[in-house]
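J.: So the chains spell out like this:
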Amino acid sequence: MNNSCQHEDDPDNRPVAVTETFDPLRERSSGTSMHWLPRGQSGLWLIGAFFIALMVATPLVAVVYLALFPTENIWPHLASTMLPRYLKNTGILMLGVGIGVTLIGVSTAWVVTMCRIPGKRMLEWAMLLPMAVPAYIVAYVYTDLLEYAGPFQRLLRDIFGWQTARDYWFPDIRTKGGAIIVLSLTLYPYVYMLARAAFLAQSVCVLEAARVLGRSAWNSFMTVALPLARPAIVVGVVIALMETLNDFGTIDFFAVHTLTAGIFNVWLGMGNAGGAAQIALTMLAVVVVLIVAERYSRRRQRFHDTTNRFQELPGYELGPVTMFFAMAVCILPIVLGFVIPSLVLIYYSVGYFDQSWTPDFFEYAGNSLLVSGLATIVAVSCAVFLGYALRLFPQPLLRFCIRLASVGYAVPGAVLAIGVLIPFARFDNAVDAVMRDTFGISTGLLLSGTVFAIVFAYAVRFMAVSYGSIEAALGKVRPSMDDAARTLGESPWGTLKRIHFPMVRGGILAAGVLVFVDGMKELPATLILRPFNFETLATHVYQFAKDEMIEQAALGALAIVVVGVVPVIMLSRAISRSRPGHDGASERH
Amino acid sequence: MASLRNTVFGIMGAVVGLAAFQVNAAEEVNVYSLRQPFLIEPMFKQFTKETGIRVNTLFSQSGLVERIKHEGRNSPADLLLTVDIGRIQDAVDADIATPLQSDVIDANIPPQFRDKGHLWVGLTTRARVLYTSLDRVSPDAIASYEDLADPKWKGRICVRSGMHVYNIALVASMIAHHGDEYTKTWLQHLKDNLARKPQGADIDQIEAVSQGVCDLAIGNSYYYGKMLSDPNKADAAKQVRIVFPNQGDRGTHVNISGVALIKDAPNKDNAIKLVEFLSGDEAQHMYADVNFEYPVKPGVAWSDMVQSWGTFSADTLALNEVANNRGAAIRLIDEVGFNE
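Chains as they are written, first to last, in the numbering used here: chain V, 1113 to 1701; chain Z, 24 to 363.
Treat the hints as calculated values from the structure; they're not laboratory data. Please note that the accuracy of each hint is not assured.
What the hints assert, rightly or not - Below, simulated DSSO-like cross-link-like pairs (lysine-lysine); rule was C-alpha separation at most 30 Å, straight line:
| id | chain 1 | residue 1 | chain 2 | residue 2 |
| --- | --- | --- | --- | --- |
| 1 | V | K1288 | Z | K92 |
| 2 | Z | K214 | V | K1288 |
| 3 | V | K1200 | Z | K220 |
| 4 | Z | K175 | V | K1658 |
| 5 | V | K1658 | Z | K256 |
| 6 | V | K1200 | Z | K207 |
| 7 | V | K1200 | Z | K177 |
| 8 | Z | K214 | V | K1658 |
| 9 | V | K1288 | Z | K256 |
| 10 | V | K1288 | Z | K207 |
| 11 | Z | K214 | Z | K261 |
| 12 | Z | K261 | Z | K286 |
| 13 | V | K1288 | Z | K220 |
| 14 | Z | K68 | V | K1658 |
Stated by the list, open to error - Derived coverage of chain V by chain Z (criterion: at least 3 residues anywhere in the stretch with Cβ under 8 Å from a Cβ of chain Z; other residues may be distant):
| id | region |
| --- | --- |
| 15 | 1273-1280 |
| 16 | 1349-1360 |
| 17 | 1366-1373 |
| 18 | 1381-1393 |
| 19 | 1540-1546 |
| 20 | 1607-1616 |
| 21 | 1656-1662 |
C-beta: ideal position from N, C-alpha, C; glycine also.
Kindly produce the complete structure, drawing on both the sequences and the hints.
T.: Below is the structure:
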């Protein structure tokens, strides 16, 4: 098997350089195409990409297997009673969160990137802070603040002299509306981050051209900047929606019965993992429909900048009224999504310090850093490899495998964990059986129940996040750049290293932050796959949070926030330095 | 090629050696637990102190039965600890449990709290009780689960999600006693009586009564103890009384927290020692003292707080019956749209 067959199979029928007879002269003669490759290396890229994509898709395949062979087929019951209701709730929730994160994420990214506002440098990273707080913790905090016994309603009762809950109406936060607000507040940073990276990478020239041609600032935003940033924004929204879809903590707490709630009902209540897998696949169908619809709507569009003239961003001057609204738009999400929850956590941490402090916190934090850090490295490297391999070989089959590999994010972590568990245990037991038969010794479980299993699960789960932002970043690099580098004799690896890395550094860093912070918060897969006596900050918090003992959980939750915030700030700064045309860019050459 | 093979076998040999070393390193027992660590650690610490056997724990709310099943004969799990009968039945159904034979355990734990085939052992019981408002509800206003369907409670009852395992078990016991049809009507009426959509955990329901959102809450007994011992929640708890339903007939519905021994358990002897310890006087008293649960071993002194709630007679329905009716219970809860 050699790579030439892959080329022949390519129905896109791009210029094919390598033929079945490896005539070096013919290869050289068609060397202007970016698909011209030295033989050995191209094979490695392709094989490597398929290998990674298949590894990442394995847990998903295992989930399909589970769904096809349930212990008891409850699908008829599911389809007739629960599914329509759960689908409706899920749809409403996703619609609400989708609108919420787009409005907050895009508007804040635009203001922070393009407008001259006070505290701009700080806002750049502060907008990301809500991402560091687990959504269910925010849900607990607001319930505590806004429920009947909470300080807010107490204040109202004192002012108006009401006696009991029956004397007045107060909006209930434990509703779909409440869940939409909480999830929007914690998930908008995905959109913000990617939209901002896209705005930063845009050449100001196109905007100025629009202005010169008579468009207003608003109009040039809507007709030029926004459409150019659309692929990145969409990736952010899809990530937020997938996160919404697989969220269990918040929707469970707010009693919103989504498909994920259904999964847990079927699994925990009926002991039927197969039924849970069936619902999980229904969820995947929802995601696939969404993604396909979006891609179809921009099927013939390409989004490459055609100029490499970057200059300092303009920094629009705002009038006092506009300035007020611009600041409010930016500061409100930070206050609601980060400052208030953090203050409440600090308050509880101080009050319950004796019950919640343990010296083991350092170990938990170390474990969290270890698994999140390793997962970040693995997920980002794999995503870069896949993204670049697909650029070298835009093959439908490879594209399909990568898509398959990156929809795992929509599957709730607990179900995906079972998907990881099955192939790992099969492998371990197969090796063990062989070793027992041949040498009479048992190797036991080599991979199952190790940190490796957790890191693998994270990498699989967060592949959508890292691949999405890297794909969006790579899409911004004009193919003519590849062509030029390759014409000048660079290898594919050299082109990636010398051309793409510097240009997509922002996207890579964004992917790294997203995966790392998600890893810090990850819970269900860690719980199911971890070794004995292995606690991360998230699992430690969860044992209290499970029974809504938010006070005892606060200190640990605060630690998650603190450990998550540091890289967010550091990397956000790196991202703003990564802008083409930025002063720092000269360091690279 | 030969050198590659040598390397591979070398690494494998090292791994095997390491694995063997770990197994022999110390006396230990491995517990997969559906209970939160902080609830069981006090007992485990005491066990280690007395026997020198180290207890390794792995806690997760879901997926542990599947993990043991797929890990197969190489699973390190010795014991599975659960919080209700349903989950322990899952383990039995998944064929990962093996009989736990011990005269000590048989002597400690009455037959209704353990499996006839010794596949599981109950360690504590918890009653699913009613909490009524001291101010707004008279002490004899309600006497049974059946009364929860009485229209006089319209808009006055709070309960957590119908799909929580504790509620599923309660509905399953209703089905076992009254059949599908009666239970469905009962559930429908109970739903009509709810003050708000099912939400929160059991503690939230008691707090809701103290806040006047509702007059009656359904919850497990030990949550009441947890609240009374928390200075910030004691006031709310003091505004309700605990009512043990069905004292005039079959008794209050109880569930168990239990344990099963895993097939191919690598430390079977230590596992049995641990269960024997957990069923003994000292650990049984700790369960009441620390977690406010009811000991299953007869004659073990309850803690003062648990005693103060009074004695009650428990439903003698076999717990297997409850487990077997779970599927039917979930269907009914779905059909009446209980959580909507």
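J.: Does each hint hold? Answer for all of them.
T.: Now the hints, each set against the structure:
1. V:K1288 with Z:K92: 37 Å, violated
2. Z:K214 with V:K1288: Holds, at roughly 20 Å.
3. V:K1200 with Z:K220: Since the Cα atoms of K1200 (chain V) and K220 (chain Z) sit roughly 17 Å apart, the hinted pair holds (cutoff 30 Å).
4. Z:K175 with V:K1658: 34 Å, violated
5. V:K1658 with Z:K256: Measuring from Cα to Cα gives roughly 17 Å; hence the hint holds.
6. V:K1200 with Z:K207: 24 Å, holds
7. V:K1200 with Z:K177: 28 Å, holds
8. Z:K214 with V:K1658: Distance of about 25 Å is within 30 Å: holds.
9. V:K1288 with Z:K256: 27 Å, holds
10. V:K1288 with Z:K207: This hinted pair holds, its Cα atoms lying about 27 Å apart.
11. Z:K214 with Z:K261: Satisfied, since the Cα-Cα distance of roughly 26 Å is no more than 30 Å.
12. Z:K261 with Z:K286: Given that 30 Å is the threshold and the Cα spacing comes to 46 Å, the pair is violated.
13. V:K1288 with Z:K220: 12 Å, holds
14. Z:K68 with V:K1658: Holds - the C-alpha atoms of K1658 (chain V) and K68 (chain Z) are around 23 Å apart, at most 30 Å.
15. 1273-1280: holds (count 4)
16. 1349-1360: violated (count 0)
17. 1366-1373: holds (count 4)
18. 1381-1393: holds (count 4)
19. 1540-1546: Check passed, 3 qualifying residues.
20. 1607-1616: As far as the region 1607-1616 of chain V goes, the hint is violated, because 0 residues have Cβ atoms under 8 Å from chain Z.
21. 1656-1662: Holds: 4 residues of the region 1656-1662 of chain V have a Cβ under 8 Å from chain Z.
Hint violations for this structure: numbers 1, 4, 12, 16, 20, all remaining hints satisfied.
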